[in-house]
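Trainee: What follows is the residue order along each chain.
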Amino acid sequence: MLSWLPENVSTYGGDVDFIFNVIYWITTISCVGVLAAMLWFVIRYRARPGGRAVYTHGNVTLEIIWTIVPTAVFVMIGVMSGSVWSAMKQEIPDTSLVVRVQGSQFNWQMTYPGLDGRFGTPDDYSQENLMRAPVGRPVKLILTAKDVIHSFFVPQMRLKQDALPGREILAWFEATKEGSYEIPCAELCGFGHSQMKGELRVLSQADFDAWVLEKKAFPQEMQGQ
Amino acid sequence: MMQTAPEHAHHAHHEPGFWGKYIFSTDHKMIGKQFLWVSLFMMIVGGGLAMIVRSQLAWPNQPVPGLGWINDGVYIIDGVLSPAFYNTAFTMHATIMIFFVVMPILIGSFGNFLIPLMIGARDMAFPVLNMLSFWFALLAGLIMLSGFLVPGGHAAAGWTSYPPLSAVPAYTGVDWGQNLWVISLIVLGISSLMGSINYITTIINMRAPGMTWFRLPLVIWSLFITAILLLLALPVLTSALGMLLLDRLAGTSFFLPEGGGQPLLWQHLFWFFGHPEVYIMILPAMGVASDVLSTFARKPIFGYKAMAFSMIGIAFLGWLVWGHHMFQSGMNPALGMSFMISTMVIGVPSAIKVFNWLGTLWGGQIHFTTPMLNALAFVAMFLIGGLSGVYMASTPVDVFIHDTYFIVAHIHYVLFGGSIFAMFAAIYYWFPKMFGKMMNETLGKVHFWLTFAAFNLTFFPMHIIGVGGHMRRIANPPYYDFIKPIQHWNVIITYGAFMLGAAQIVFAINFFLSLARGRRAEQNPWHANTLEWVSPTPGIHGNWPGDLPTVYRGPYEYSSPEIPEESVDYLPQNRNLGTALAGGAHH
Numbered sequence: 130m131l132s133w134l135p136e137n138v139s140t141y142g143g144d145v146d147f148i149f150n151v152i153y154w155i156t157t158i159s160c161v162g163v164l165a166a167m168l169w170f171v172i173r174y175r176a177r178p179g180g181r182a183v184y185t186h187g188n189v190t191l192e193i194i195w196t197i198v199p200t201a202v203f204v205m206i207g208v209m210s211g212s213v214w215s216a217m218k219q220e221i222p223d224t225s226l227v228v229r230v231q232g233s234q235f236n237w238q239m240t241y242p243g244l245d246g247r248f249g250t251p252d253d254y255s256q257e258n259l260m261r262a263p264v265g266r267p268v269k270l271i272l273t274a275k276d277v278i279h280s281f282f283v284p285q286m287r288l289k290q291d292a293l294p295g296r297e298i299l300a301w302f303e304a305t306k307e308g309s310y311e312i313p314c315a316e317l318c319g320f321g322h323s324q325m326k327g328e329l330r331v332l333s334q335a336d337f338d339a340w341v342l343e344k345k346a347f348p349q350e351m352q353g354q
Numbered sequence: 012m013m014q015t016a017p018e019h020a021h022h023a024h025h026e027p028g029f030w031g032k033y034i035f036s037t038d039h040k041m042i043g044k045q046f047l048w049v050s051l052f053m054m055i056v057g058g059g060l061a062m063i064v065r066s067q068l069a070w071p072n073q074p075v076p077g078l079g080w081i082n083d084g085v086y087i088i089d090g091v092l093s094p095a096f097y098n099t100a101f102t103m104h105a106t107i108m109i110f111f112v113v114m115p116i117l118i119g120s121f122g123n124f125l126i127p128l129m130i131g132a133r134d135m136a137f138p139v140l141n142m143l144s145f146w147f148a149l150l151a152g153l154i155m156l157s158g159f160l161v162p163g164g165h166a167a168a169g170w171t172s173y174p175p176l177s178a179v180p181a182y183t184g185v186d187w188g189q190n191l192w193v194i195s196l197i198v199l200g201i202s203s204l205m206g207s208i209n210y211i212t213t214i215i216n217m218r219a220p221g222m223t224w225f226r227l228p229l230v231i232w233s234l235f236i237t238a239i240l241l242l243l244a245l246p247v248l249t250s251a252l253g254m255l256l257l258d259r260l261a262g263t264s265f266f267l268p269e270g271g272g273q274p275l276l277w278q279h280l281f282w283f284f285g286h287p288e289v290y291i292m293i294l295p296a297m298g299v300a301s302d303v304l305s306t307f308a309r310k311p312i313f314g315y316k317a318m319a320f321s322m323i324g325i326a327f328l329g330w331l332v333w334g335h336h337m338f339q340s341g342m343n344p345a346l347g348m349s350f351m352i353s354t355m356v357i358g359v360p361s362a363i364k365v366f367n368w369l370g371t372l373w374g375g376q377i378h379f380t381t382p383m384l385n386a387l388a389f390v391a392m393f394l395i396g397g398l399s400g401v402y403m404a405s406t407p408v409d410v411f412i413h414d415t416y417f418i419v420a421h422i423h424y425v426l427f428g429g430s431i432f433a434m435f436a437a438i439y440y441w442f443p444k445m446f447g448k449m450m451n452e453t454l455g456k457v458h459f460w461l462t463f464a465a466f467n468l469t470f471f472p473m474h475i476i477g478v479g480g481h482m483r484r485i486a487n488p489p490y491y492d493f494i495k496p497i498q499h500w501n502v503i504i505t506y507g508a509f510m511l512g513a514a515q516i517v518f519a520i521n522f523f524l525s526l527a528r529g530r531r532a533e534q535n536p537w538h539a540n541t542l543e544w545v546s547p548t549p550g551i552h553g554n555w556p557g558d559l560p561t562v563y564r565g566p567y568e569y570s571s572p573e574i575p576e577e578s579v580d581y582l583p584q585n586r587n588l589g590t591a592l593a594g595g596a597h598h
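Line by line, the protein sequences give chains A and B.
Positions 130 to 354 (the working numbering) are the ones given, in order, by the first sequence.
Positions 12 to 598 (the working numbering) are the ones given, in order, by the second sequence.
Just so you know, these hints were derived from the structure itself, not from any lab.
There's no promise every hint is true.
To be verified - Pairs of lysine-lysine, DSS-like flavour, derived with a Cα cap of 25 Å: (1) B:495 / B:32; (2) B:32 / B:44; (3) B:495 / A:326; (4) A:345 / A:269; (5) A:306 / B:495; (6) B:495 / B:44.
To be verified - For each label pair, taking beta carbons as the anchor points, the in silico distance ranges come out as: (7) A:326 / B:243: 15 to 23 Å; (8) A:221 / B:180: 34 to 42 Å; (9) A:191 / B:558: 51 to 59 Å; (10) B:349 / A:161: 54 to 62 Å.
From the three backbone atoms N, C-alpha and C, an ideal C-beta is built for every residue, glycine too.
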């Protein structure tokens, strides 16, 4: 089943896929085990002429076991998940590569701070539906929306975050591989929802620097950092 | 009887005529049947919409098979769906199936029909309120259907109707369709409130002598807990809907940031209702499955009290988990951790129930009747649906699978695999009680196996495309390069869905054929213990010809050593063995 996952190209994606695997094996083994027991009982205890069912109202020991074991397993999964979640959503690395992303019906607008390194000034550089990022460096996103809720989704990056009108929401990723990745909108945003698609182009540091220099997307002193 | 009265007055006051008996009935049994008829009709509408959705996903922008003759110039052009109508189709599929099929059948129909019969009461505590509850539900259904006819089309913002998309007509192009959607659900909320107050009052106050809390059948426990959840959850939805309607019509800005509102407020309110709602739809199914499994395993339910307390646990924890629908919403990620833990914990009572159902099968004498097959399918499919929930509960994994087909697979394993299979179990099981006829077992089994196979063919591959990243609610999957390699699954799923739809024709044939010329049902065809099989069939007004029945024991005393006759393996709750157990007689 997990071979269907898109290739992972982000630093934290490996941890996500690891927990995915842990849950996959735990749930698959439990599922097959319970279904096999059920099938066995259904065949073994099918009605026979003159047969009589076992008269029992339950078993306290069993009740305790099958309360405690699932609790322990579920809490373990929860604790494992917690640290990865923090790394993805709460501990946003300090980086000078900050991009504002605004979702609107039905486009992603990417805005870079320009030479002065600040947003909201005339030298901001904007582009629709195309984001460039260097490989191997964290990129911070400030997500907003112009009209309705959109959701910034890069499957290969294991990144998804809703963008809300009236709010600024932070997200980040660090790509581990150059390439071009699609950015669908994952939250229903109207009749054009299915045609809302951006592109994340992960470049080598040199190619990224050349682009930054050409478009004046970031301050010059950031070159080669 | 006053034979001197004029003929029409006689009909109005004594013997209910056609209108009093079938339409404006206050008899809980008739109201239960009314809910069933209306909901089965709505199921055809909701199912038809699902077929349209599936056709679009397998063959995007091709004419829907059989609809090539439709051309209204805007929504459907020569059978090809516009993206706007596609959004309407899945929005209304979910809305109708959740609010007008699963809830009214499990709660409206079987809740009404079973509660007085199974607790040994003559009717509901408030029969007129009960009638009004049905009429408000019908009105809500008519309002909901009328939305298809208004200019601008029906609601198209998803069944969750997140604002601002749902709050500003210009964002979807939908005008009165969305308003009618809101109004319909407000009216339906009033209906459910009346119903839930009635159920709670009836179960607390009107149990027959000797029917203590722990002698209640689990289906009654489940309906009691469901009614409490409904009573507490629905006002939250109704308030949110009222705010949404004001935003749309009166220029308020509860959910619109440009006026100082907050889109996330809707999500908190909606899911504070919406998660208990999930349990509202599954708890009665669990109750039905418990009763059917015990009856056809000829064995007491395993761990009765664990079953009852786990339902109470679900009902309590159900209020603490709504945030797990909102992990990617922009809600403070620190909350993600607490909602993840509460969500993991709510998995425990569900696990307890599955193990106890297994325990019930162990050592039984299992009879594979059609209701039993559906109840067994319920357990197996609910197991898969429950386990797939663990993926969503884990916040980092949810980042990836949120808003993908994985979640569509999950909800259908729980709501179709769970609630709908239990609904079929309930219909096959109580049909003899409702209509005095047996349903055809052969057709029932054909229907079951076709449905079971088609269900898994339809919904299991949705896990796979979800893991592949396939978003939900998109009209044109191959538009994305990463979906192209998995698009063939969409075709397989659609064939499965068509098969699933076709299988229901077998059910419809069986239902009407059995109604017309089914074998006459015995008084207690399944040799069950519960009180509804004691009440006369066909039903009479007041349920019990003489005194109320007296209850001597719990509902699951199958194969008990106390049974005097060797050839009998059941012990009805009201059977007096003349032993010391008769203490309840003086209640």
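Trainee: The structure should be examined with respect to each hint, and the outcome stated for every one.
Mentor: Status of the hints after comparison with the structure:
Taking the CA atoms of residue 495 of chain B and residue 32 of chain B, the gap is about 57 Å. The hint is violated against a cut of 25 Å. At most 25 Å may separate the alpha-carbon atoms for a hinted pair to count; residue 32 of chain B and residue 44 of chain B meet this at roughly 12 Å. The straight-line distance between the Cα atoms of residue 495 of chain B and residue 326 of chain A is roughly 15 Å, inside the 25 Å bound, and the hint therefore holds. At most 25 Å may separate the alpha-carbon atoms for a hinted pair to count; residue 345 of chain A and residue 269 of chain A meet this at roughly 18 Å.
A threshold of 25 Å between alpha carbons decides the hint, and for residue 306 of chain A with residue 495 of chain B the separation of about 22 Å falls inside it, so the pair holds. For the proposed pair residue 495 of chain B and residue 44 of chain B, the alpha carbon gap of about 47 Å is over 25 Å, so the pair is violated. Residue 326 of chain A and residue 243 of chain B have their C-beta atoms about 42 Å apart, which leaves the hinted 15 to 23 Å range violated. Distance hint check: the CB atoms of residue 221 of chain A and residue 180 of chain B are about 37 Å apart, consistent with the given range 34 to 42 Å.
Here the CB-CB span from residue 191 of chain A to residue 558 of chain B is close to 41 Å, at odds with the stated 51 to 59 Å. Between residue 349 of chain B and residue 161 of chain A, the C-beta spacing of about 32 Å breaks the proposed range 54 to 62 Å.
The earlier numbered hints that this structure contradicts are 1, 6, 7, 9 and 10.
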